[in-house]
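> Each chain is listed here by its residues.
Protein chains: 2
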Amino acid sequence: MELIEALRAELGEAQVLTGADAARYGRDVTGKYSWNPLAVLRPATAGEVSAVMQLAHAAGMPVVPVGGHTGLNGGTSAEGVLMLSLERMNRIREIRPEARVAIVESGVVLAKLHEAAEQHGLAFPLFFGARGSAMIGGNLSTNAGGSNVLRYGNTRALCLGLEVVLADGRVMDLMSELHKDNSGYDLKDLFIGAEGTLGVITAAVLKLVPKPRAYATAMVAAPSLSEALVLLNRLQEATGGAVEAFEFMPRSYMERMAICHPELRPPFGQTYDVTLMVEVGATAPRDVTPGPDGTVPIAALLEETLAGMLEEEMILDAVVASSEAQRNEMWHRRELAAEITLSRHPLVDTDIAVPLDQVATFIERIHARLPALDPGFETMNVAHLGDGNMHFTVYPTSDDPVLADRIREAIEDVVLELRGSFSAEHGVGLSKLPSMRRRKDPVALEVMRAVKTALDPKGILNPGKVLP
Amino acid sequence: MELIEALRAELGEAQVLTGADAARYGRDVTGKYSWNPLAVLRPATAGEVSAVMQLAHAAGMPVVPVGGHTGLNGGTSAEGVLMLSLERMNRIREIRPEARVAIVESGVVLAKLHEAAEQHGLAFPLFFGARGSAMIGGNLSTNAGGSNVLRYGNTRALCLGLEVVLADGRVMDLMSELHKDNSGYDLKDLFIGAEGTLGVITAAVLKLVPKPRAYATAMVAAPSLSEALVLLNRLQEATGGAVEAFEFMPRSYMERMAICHPELRPPFGQTYDVTLMVEVGATAPRDVTPGPDGTVPIAALLEETLAGMLEEEMILDAVVASSEAQRNEMWHRRELAAEITLSRHPLVDTDIAVPLDQVATFIERIHARLPALDPGFETMNVAHLGDGNMHFTVYPTSDDPVLADRIREAIEDVVLELRGSFSAEHGVGLSKLPSMRRRKDPVALEVMRAVKTALDPKGILNPGKVLP
Chain S
1 MELIEALRAE LGEAQVLTGA DAARYGRDVT GKYSWNPLAV LRPATAGEVS
51 AVMQLAHAAG MPVVPVGGHT GLNGGTSAEG VLMLSLERMN RIREIRPEAR
101 VAIVESGVVL AKLHEAAEQH GLAFPLFFGA RGSAMIGGNL STNAGGSNVL
151 RYGNTRALCL GLEVVLADGR VMDLMSELHK DNSGYDLKDL FIGAEGTLGV
201 ITAAVLKLVP KPRAYATAMV AAPSLSEALV LLNRLQEATG GAVEAFEFMP
251 RSYMERMAIC HPELRPPFGQ TYDVTLMVEV GATAPRDVTP GPDGTVPIAA
301 LLEETLAGML EEEMILDAVV ASSEAQRNEM WHRRELAAEI TLSRHPLVDT
351 DIAVPLDQVA TFIERIHARL PALDPGFETM NVAHLGDGNM HFTVYPTSDD
401 PVLADRIREA IEDVVLELRG SFSAEHGVGL SKLPSMRRRK DPVALEVMRA
451 VKTALDPKGI LNPGKVLP
Chain W
1 MELIEALRAE LGEAQVLTGA DAARYGRDVT GKYSWNPLAV LRPATAGEVS
51 AVMQLAHAAG MPVVPVGGHT GLNGGTSAEG VLMLSLERMN RIREIRPEAR
101 VAIVESGVVL AKLHEAAEQH GLAFPLFFGA RGSAMIGGNL STNAGGSNVL
151 RYGNTRALCL GLEVVLADGR VMDLMSELHK DNSGYDLKDL FIGAEGTLGV
201 ITAAVLKLVP KPRAYATAMV AAPSLSEALV LLNRLQEATG GAVEAFEFMP
251 RSYMERMAIC HPELRPPFGQ TYDVTLMVEV GATAPRDVTP GPDGTVPIAA
301 LLEETLAGML EEEMILDAVV ASSEAQRNEM WHRRELAAEI TLSRHPLVDT
351 DIAVPLDQVA TFIERIHARL PALDPGFETM NVAHLGDGNM HFTVYPTSDD
401 PVLADRIREA IEDVVLELRG SFSAEHGVGL SKLPSMRRRK DPVALEVMRA
451 VKTALDPKGI LNPGKVLP
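Heads up: the sequence lines are chains S and W, in that order.
Numbers 1 to 468, taken from UniProt numbering, label the letters of the first sequence in order.
Numbers 1 to 468, taken from UniProt numbering, label the letters of the second sequence in order.
Calculated from the structure, these hints are not laboratory results.
Check the hints yourself; a few may be wrong.
You can't tell identical chains apart in this list, so a pair holds if it fits in one copy or across any two.
As the list claims (entries may be wrong) - Derived DMTMM-like pairs: lysine to aspartate or glutamate, alpha-carbon spacing no greater than 20 Å straight-line: (1) K112 to D357; (2) K458 to E446; (3) K207 to D357; (4) K207 to E237; (5) K458 to D413; (6) K207 to E409.
Here the structure is a predicted model, which means the values were calculated and not measured.
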């Protein structure tokens, strides 16, 4: 094929994979999606990405950018078309500690950036289970969330500048390091979260933050989600907004964990309806200087807040981590969520968000509606509670796609009633196209299509994703 | 004229101003721009804005949206076309203190929102001199900055959702209250900062923050900007990032203030090269609980940091405000910047940004280049130093437009060398069109034009602004 030959001439034989070499790129972490790419391209520079896009554009051949293959919605499936892997663009070009920025290529693995920032006493505060494989380009293209959004925002909030290769190969330089820049339209944010449908992100300027000097971490049992919100607000007040994570694990999750991982010690002697994992981070020296009784202030603030809530019977139990090992144990329980949630079938999984004060209402309403669809349903609802973001999962009693769709629609009905979103942090990809079609504001969809057509008139960038 | 009649039928006679009634809309706060609008329209609802846009679109008649007339770059000039004033859409629809959001129409005056938030113990942390007239719609359309960007970000960072009327009258509902929402392209940020060229913002969901319980405010004299940066970093570390404002006033500003406002007490017995106004905000109760010596911790942290710097001779003098009156006096000195800067002519004023650690280099390089253009030049450089954002102003010795342009080009040269921006917080409007043409990445300009054409194919929304 002429195009493949031309690509080989540009990138070198070794960087244009076909056949069996390409086949291992034909799946992602979910195991739900698989495909046969025409070829896999592995450019090493923005110039090479540009050359690839020029050739593909001329040929009208679709190109699907891919990073660490950790997407959850099939956003990188590429049947019979080109895959453009950013894995070789994996340089951390520069870390400037005083300016608190990292300049990276998009194939840098998230955990590598964590390590590099840490060497300067700084942190890149984007944190989730797949950090050992997920790449910065994919994080940006999906506007990834995770467990620290509460304090630091999602990937969008952590990006100051971008380099993007457009559908026809033009390279756009938006590599600003500035915190204030009003020179025309905000193009950067158009490409963040566009899942590779508007351009290929090749490099970025990312914000770093001071690495907390200490964490105070606790497991808490609460009578209901209302008290959980009171706890969140009191902790934010006491610490001046230093809550880094506020994660909810329901009874069903803790029970299932006991089955899947009997080796893990449960946090409490009994299982509660509402188990929370709470973490506060201290960046100021005064917060980690031990007081007369040896307690560091950040831990004292957490303990005092929890003690007050216990006394008022607004929480039922609490345990504060007294070592890094205990803290890791707490995080480990939370990070098993994907594995544990996906260990039962059939399932209908979601990634929804509602306003913070509407989480309890959502749960109440959906539990009132599901019995009419499937009286035997069960649920699991691990949530980034501090963001109103739930990975609400339903286990229906039969593996019927019509039933699954009805359950999904019922969830979306309640989410929309509460002015929430059917897609909070994982993006749209393929799997949420039906939700986009039926739930997104129709004018917003028209505007998205107009933007897509303006930037990719031949429709070659990751076609069939995001926009129904 | 048929169009005017149709508009009167939609909005009512009283809300379509022409002649002398319209004339008073033909200028802005700068006094530099004036124009004669064909008519001024004052719709009261998004539906009426939609009706206006449908009629204008059908007629191919340009429409210039306007809020509080406080723009500094001529972004609302509208010779012979329609002006669409949002001033009657001035309702704060809802404040939900628990969710920390305000839902407002775009004609709400910024200071009114400040007052409304304060009644709930909250703050809308966008703060600048024109807050008594500037309206939320204009703040959003220009992505306004100001004195608290350091802690809270610019207007973009404070907006969760928007309602936008498009060029042809379609109403787009992006009124999300969510902190996580990845349902397709980030359209919201495309309209923020677009200066009314892509759509008319009619309502917004805005973030509120806890109002600091106390402020610690100080005037500081430093030997140079390098020590100023050390001070900023030490204060951020000591307070865990609670610095709300970090403002630079040069010797030339303090000297001119003594002339323009002899009634004002100067902060120090002598005038220094580098005068800073520093403010730290305390949101946690522990920061405002007096210690054994009666000092509240937030003030103690500021005083200790300043004392340490004095001892090391890294600052020359410092005075901490001991009353709200003294704090107001400090702010008043800073807020005279626009008046004092504009009180001398001829002048070349700018709104530039460079990376935080490059401010001193900028000043050094520009002072090395200007003498070749005008040996007698003087400068004034009041700056949001914590953001790297300078309102660098040059006073040339002659009122020669060619000289003014050369000075502007020299400033832009240095700014671009340092990877800065020629437009930091005031937007582009008319006055920065030449800079957009010669300085913006050409591919970025092409993409902006493609987006503009996609969303406003007839080019009726605020034509001739932002894009050269």
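> Hint by hint, note whether the structure agrees.
Now for the hints, and whether the structure bears them out:
no.	hint	verdict
1	K112 to D357	neither (36 Å within a copy, 26 Å between copies)
2	K458 to E446	both (17 Å within a copy, 17 Å between copies)
3	K207 to D357	between (30 Å within a copy, 15 Å between copies)
4	K207 to E237	between (25 Å within a copy, 17 Å between copies)
5	K458 to D413	neither (35 Å within a copy, 38 Å between copies)
6	K207 to E409	neither (38 Å within a copy, 30 Å between copies)
Checked against the numbered hints listed earlier, the structure breaks hints 1, 5, 6; every other hint is satisfied.
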